[in-house]
Every structure is written in C-alpha cells, then in structure tokens.
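S.K.: From first to last, the protein sequence lines are chains A and B. In terms of the working numbering, the first sequence is residues 6 to 379. In terms of the working numbering, the second sequence is residues 527 to 836.
Just so you know, these hints were derived from the structure itself, not from any lab. Where hints are given, some of them may not hold.
Pulled a few chain B residues facing chain A out of the computed Cβ check, cut under 10 Å [to be verified]:
hint	residue
1	GLY670
2	PHE672
3	PRO758
4	MET798
5	PHE802
Which chain B residues stay away from chain A? Per the calculated CB distances, all over 12 Å, these [claimed, not checked]:
hint	residue
6	VAL539
7	VAL543
8	LEU560
9	LEU597
10	TYR612
11	THR613
12	PRO626
13	THR674
14	VAL682
15	VAL683
16	THR686
17	LYS712
18	MET717
19	LEU820
20	PHE822
These numbers come from a predicted model, not from an experiment. Glycine included, each C-beta is placed from N, C-alpha and C at the ideal position.
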Amino acid sequence: MKHSVMMLALAGVTMTGSTAALADMIVKIGFAGPLTGPIAHVGKDEQYGAQLALDDANAKGLSLGGQKVKFELMAEDDQADPRTATTVAQRLADAGVKGVVGHVTSGAAIPASRIYEQAGIPAITPSSTSPKLTQQKYKTTYRVIANDLQQGAAMARFATEVLKAKRIAVIDDRTAYGQGLADAVVDSLKRLGVTPVGREFTTDKSTDFAAILTKLKGAQPDAIFYGGMDAQGAPVLKQMKQLGIAAKYLGGDGACTAEMIKIAGAAMSPDVYCTQAGIPMDKMPGGKDFNERFKKRFGVPVQLYAPYSYDAASALIEAMKLANSAEPAKYLPQLQKVAFKGVTGNIAFDPSGDSREGGVTLYQFNSGKWEARP
Amino acid sequence: METLLQQTVNGLVVGSVYALVALGYTMVYGILGLINFAHGDVLMIGALVALEAIRLIQLYAPDLGLIPTLLGGLGVSVIVCMALGYTIERTAYRRLRNAPRLAPLITAIGVSFLLQTLAMIIWGRNYHTFPQLVSTTPLEPVAGVFITPVQIAILVVSATLMVALLLLVNKTRLGRAMRATAENHKVASLMGVDTNKIIAATFIIGSALAAVAGVMFSSNYGIAHYAMGFMPGLKAFTAAVLGGIGNLGGAMLGGLLLGLVESIGAGYIEDMSFGFLNSSYQDIFAFVILGIVLIFRPTGLLGERVADRA
Chain A
6 MKHSVMMLAL AGVTMTGSTA ALADMIVKIG FAGPLTGPIA HVGKDEQYGA
56 QLALDDANAK GLSLGGQKVK FELMAEDDQA DPRTATTVAQ RLADAGVKGV
106 VGHVTSGAAI PASRIYEQAG IPAITPSSTS PKLTQQKYKT TYRVIANDLQ
156 QGAAMARFAT EVLKAKRIAV IDDRTAYGQG LADAVVDSLK RLGVTPVGRE
206 FTTDKSTDFA AILTKLKGAQ PDAIFYGGMD AQGAPVLKQM KQLGIAAKYL
256 GGDGACTAEM IKIAGAAMSP DVYCTQAGIP MDKMPGGKDF NERFKKRFGV
306 PVQLYAPYSY DAASALIEAM KLANSAEPAK YLPQLQKVAF KGVTGNIAFD
356 PSGDSREGGV TLYQFNSGKW EARP
Chain B
527 METLLQQTVN GLVVGSVYAL VALGYTMVYG ILGLINFAHG DVLMIGALVA
577 LEAIRLIQLY APDLGLIPTL LGGLGVSVIV CMALGYTIER TAYRRLRNAP
627 RLAPLITAIG VSFLLQTLAM IIWGRNYHTF PQLVSTTPLE PVAGVFITPV
677 QIAILVVSAT LMVALLLLVN KTRLGRAMRA TAENHKVASL MGVDTNKIIA
727 ATFIIGSALA AVAGVMFSSN YGIAHYAMGF MPGLKAFTAA VLGGIGNLGG
777 AMLGGLLLGL VESIGAGYIE DMSFGFLNSS YQDIFAFVIL GIVLIFRPTG
827 LLGERVADRA
C-alpha cells in the first residue's frame with residue numbers, strides 16, 4: 006500500500022514536470038450573463054460570441070511572454086439579477102480569471118463592476134448600455150457598445166423630427182437598462198421642447214400591461230416608447246392593439262430582436278420602430294462571415310449581441326498581445342491603446358471606457374423583418 | 527368613464543385567471559395545510575404541453591378547425607397536468623404528511639424549481655409564441671371600451687369552472703369526503719373515507735384547473751415560457767390569502783378583487799396620491815390592501831375557520 010502511494014506520488018511529480026514544460030498556459034476568461042430566466046437567450050448568445058473569439062485565438066496559437074497560451078471560457082449565470090451578479094463576479098475573481106466579458110444587463114453589470122475594480126480584473130461589457138456604468142470612473146470597466154444617452158438622443162430626435170410626434174408617452178420596466186434608456190429619451194425630448202404626455206412603469210417579469218396602457222390611452226399619445234426587453238416589449242405592443250391604441254411603437258435595442266417579431270406576430274407593423282446601439286449585422290464589416298461561422302459552430306443563428314461579445318473578448322486578447330502578458334495589472338493600461346477592426350467596427354475606447362465609435366441605427370419593421378433606416 | 531370601465535374589464539380578465547389558480551392553492555391548503563408552491567409551475571407545464579399538443583395537431587390534422595384544435599390541446603394538457611399533480615402528491619408530499627410543517631413547504635419549493643428546470647431543458651429558454659386560436663381582434667361593445675373574444679372566453683370559462691367546482695365540493699359524495707378530510711383527516715378516515723384517495727383527487731382537480739388557467743393565460747398573451755408560472759403563482763397565492771386561504775369562495779373573490787385592485791390601482795394611483803406615487807407602485811398598492819385586510823380580518827375576507835395549522 007505504502008509502496009503504491011509512493012509510486013503514484015512519483016508519477017505525479019514527473020507528470021507535472023513535463024506538463025509545465027510542454028503544455029500551453031491556460032488563460033481563463035470569465036463570462037457572466039443570464040443563462041437562465043426570461044432573457045437567457047440573450048445571455049447564451051453572448052456566451053457563444055465570447056466562446057467563438059476564444060476559439061479563434063486558440064486556433065491562431067498565441068504566445069504571451071514566450072509561452073503558448075490556451076484561452077478557456079468560464080461562463081457563470083448571473084440571472085440578470087444584481088445580487089447574483091455580485092456573487093458571480095466574486096466567484097470569477099476567486100477563480101483567477103484574467104479578464105471578463107460581461108455582464109449582459111446593466112442591472113447586473115453596475116454592481117459587479119465594483120468587484121472587478123477591487124480585484125483589478127478588466128471587464129468589458131458587450132451589451133450593458135446604461136450611462137451609469139462608466140460614470141463610476143472605474144479603471145477596469147469598459148464597453149464596446151454605444152450607451153443609452155447616445156441611443157435615447159437618437160430616438161428622441163427621430164420621433165420628433167421624422168415622425169413629427171408631439172404627444173409621446175414613455176414606459177419602462179424599472180431595470181437599470183430600461184429606466185436608463187427611458188430617462189435618456191425623456192431628457193432628450195425635453196431638450197427638443199417636447200414634454201412626454203405620460204410616464205408609466207412596469208417590471209421585467211410582467212405579462213399584463215393593460216392597466217398602464219389604458220391609462221396612457223386617456224392621454225391620446227401619437228407614439229409610445231417602451232424601455233425594456235423584447236419579452237415584455239412584444240406583449241406591450243400586442244396589448245396596445247387589443248386596447249385599440251393607434252399610437253406608433255418605439256423601442257430600444259432590447260426590443261430590436263428577432264424574438265420581438267416572433268412574439269408580437271400579427272401586431273407588428275411599419276408603425277413599429279426601434280433603435281439599436283451599433284450597426285446592423287449586415288452592415289458590420291465582418292457581419293456576414295461572423296453569422297455563418299456562428300451558425301456552423303453553435304447550430305443557432307445570432308440573436309443579438311454575439312458580435313459585440315466577440316469583439317469584447319477580442320479586445321481583451323488584443324490588450325494582452327500589446328502587453329505581451331495575460332496578467333491584468335500588466336495589460337489593463339494597454340486597453341486604452343487597443344485599436345483594431347472588430348466584427349462590429351473599429352474597436353477603441355475613450356478614457357472613461359466607453360466605445361469611441363458608438364453608432365446608433367434606427368430600424369423600422371417592414372415586411373417581416375427589421376429594416377435599417379438610412 | 528370609459529377608462530374606468532376599461533380598467534374594470536382589464537382587472538376582471540386578469541383576476542379570473544388569478545382566481546382559477548388561487549383555487550388550487552386554497553383547496554390543497556384547506557385539506558393538507560400545505561402551501562403548494564409548485565402550483566404556479568403546473569400552470570406553466572399546462573401551457574407548454576398544450577402548445578406542444580397544438581403543434582402536433584396542426585401538423586397531423588391541419589384541417590381541424592381552430593376551436594377543436596384548441597380543445598384538443600387543452601384536453602391533452604389537462605390530462606398531463608392531472609397526472610403531474612397526482613405524481614407530485616404521491617412522490618413529494620405524501621411521505622411528508624406527518625413531518626414537521628416546514629419540511630413539505632421546502633419540498634414544495636424544491637418541486638417548483640424541479641419543474642421549472644425540467645421545462646427549461648425540454649422547451650429551452652426562449653419565449654414561445656402560443657398560437658392564438660381564439661381571435662384577439664378587439665371588439666368594442668361600448669364606445670372606447672375594448673375586449674377581445676379570447677378575454678370573453680376567459681371570463682366565461684373561469685366562471686363556469688368555479689361554479690362547477692363549488693357544486694362538486696358542496697353537492698357530491700367526493701365533495702363531502704373532501705370537506706370531511708379538510709376538517710380532520712384522521713377522523714374522516716375512521717369514518718371510512720379513503721383520505722389518500724381524496725387528497726390525491728384534490729391535487730388532480732387543482733392541477734386540471736391550473737392547466738386550464740395556463741392555456742387561457744397563454745392564449746391571451748400569445749406567449750409561453752418556462753418561467754411564466756412564477757408571477758401568476760405568486761399573485762394567485764396572494765389572492766388566496768386575501769380571500770381567506772382554505773375557503774373556495776374566498777379564493778374566487780380574492781382573485782377577482784386582486785385583479786381589479788391592481789388594474790385600478792395602476793390606473794389611478796397617480797391621481798389618488800396627487801402625483802406622489804406612480805404605476806411602479808402597482809404591486810405595493812395590491813399588497814397594502816392585503817395588509818389592511820389581514821389586520822382587520824387575519825383569516826382573510828371570507829376565512830372563518832381559525833387556522834389551526836398555519
């Protein structure tokens with residue numbers, strides 16, 4: 006017995022000895038987003054996007070500090086919940102991830118960002134668009150997508166200048182994302198001299214909006230803006246029709262999805278508009294190619310932000326290349342110098358960590374799909 | 527005026543779904559003193575099974591009319607949920623019947639998670655579009671007030687089922703046995719009532735109602751999703767407590783009242799509080815009413831029996 010233990014121990018020593026010399030250095034990259042719950046489809050999409058970026062880097066065979074590197078994704082489920090997000094962030098930090106792609110929602114990204122800041126781990130969000138995230142002035146917080154101030158301003162301008170809407174009502178789901186976007190729209194509207202005729206609230210778990218819509222109906226709006234995700238946005242639109250509200254429907258990026266079209270079904274019409282931070286998939290420099298490779302690798306089409314998630318992961322890897330190290334302390338300063346052509350466009354960050362090239366596109370529903378308006 | 531009328535219609539539609547689900551909570555509580563937290567998830571399973579059945583029917587019998595297809599889907603879902611209700615009772619609760627009160631409560635929460643996770647594995651995380659076989663084109667019976675045929679169907683079906691359930695409990699042999707078991711199941715079994723069977727029957731009936739509620743819910747909103755049972759489950763539980771848990775009439779009253787309070791609360795809370803509160807306090811409004819009712823009537827609106835188990 007003693008003998009065999011001895012043998013095993015010896016074998017162990019030789020094994021570790023050889024692996025250290027030959028095997029690749031494993032660099033863990035964290036991903037955090039909702040992998041269960043009502044918007045799990047969005048989270049999974051981004052997880053796949055990040056995975057694809059790491060696969061590509063691994064296929065190229067990258068060396069940092071003279072050692073070959075293999076990237077591994079550690080995906081955690083934050084349930085889009087602020088409290089779970091901090092737990093998950095701590096778990097990723099404890100597991101020694103070198104960088105994080107995430108979180109998906111602003112409600113999760115904001116509380117989690119503090120933990121990454123304390124741990125000194127860079128976290129790049131593919132899809133949290135709340136202005137509050139980067140207003141915290143954390144050194145480790147970055148994003149690759151336009152923020153809601155840019156998005157809300159674009160929607161407000163469009164509603165007043167192109168649609169000529171004068172009576173606009175605003176609803177949000179009280180999440181950091183929905184509220185942030187709706188507030189941005191309201192602020193921009195006021196700056197354009199339009200005061201919203203109604204402001205109502207719901208939650209990201211509701212399915213019945215008849216009560217608040219009935220109330221808004223009394224204010225006779227020309228257009229209703231909903232700040233929230235597709236899972237609620239589509240029922241809002243359906244129930245508008247059921248209550249005989251003829252107003253135009255305006256949504257943010259959370260409602261600019263294929264799911265929105267699927268769930269809202271017959272309620273969709275050319276009176277439905279949405280904004281999307283960034284540019285449409287088919288106008289992304291690498292969009293077409295990305296979509297095909299994504300489908301081939303995961304067997305599902307891109308839902309929403311997978312290209313951004315790909316670029317977020319790529320930005321981490323680019324910074325590591327510049328620093329020739331995967332150590333957060335060494336490559337963090339290099340994130341400011343990152344400049345490359347990603348799937349979604351040119352990736353570069355301003356001093357606050359926001360994307361320099363945060364474009365916003367306006368979409369209109371037309372014959373079965375979202376059409377980007379010029 | 528038409529706004530108030532519209533809010534009343536909205537409230538009644540939501541409320542009658544709450545009421546139907548609340549009946550399931552209250553029946554089980556009345557008999558076992560157990561809060562079956564998995565009940566909302568039975569509603570979810572009901573909706574998703576119906577969705578699957580309707581897809582199959584549309585695939586293999588596309589010529590079947592809309593209503594027969596819906597009834598077919600509903601039938602399958604009711605049967606599956608009855609079997610599910612029986613299985614839950616048999617496997618998760620029966621062995622714990624004499625255990626301390628907390629044990630079955632925790633088990634109920636466990637069953638709820640189990641059902642949700644299973645549904646997530648089977649049906650995935652995405653929202654499904656539920657075929658709206660009953661028309662959702664709004665009718666306008668009074669100028670400015672809209673109601674869709676599916677909402678009318680919801681009101682009619684829930685009212686019918688509630689009356690049927692009251693008749694079942696008050697007029698039939700099974701109902702008498704259920705009431706006896708609720709009062710004291712040891713004594714009932716001494717009197718020759720097969721209490722195991724009665725308790726199983728209670729779960730089966732409650733689950734069938736949940737299945738119907740699930741199909742109605744999904745038909746109205748046009749969506750089905752593995753986490754959809756949580757909110758109606760929570761609201762129906764609140765409704766059951768509001769009406770007096772353990773009391774069937776109370777569950778119905780509580781459900782309708784909660785629906786109305788929510789709807790009218792969301793519509794008028796801003797005016798009533800002079801702009802101080804807004805519709806983000808919609809749920810608080812409902813719970814404040816619940817609190818007030820419970821302060822003055824701790825057993826709920828219609829609850830008379832002092833709960834000896836809660």
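S.K.: In ascending order, which of the hints set out earlier in this document are inconsistent with the structure?
M.R.: 4, 5, 6, 7, 13
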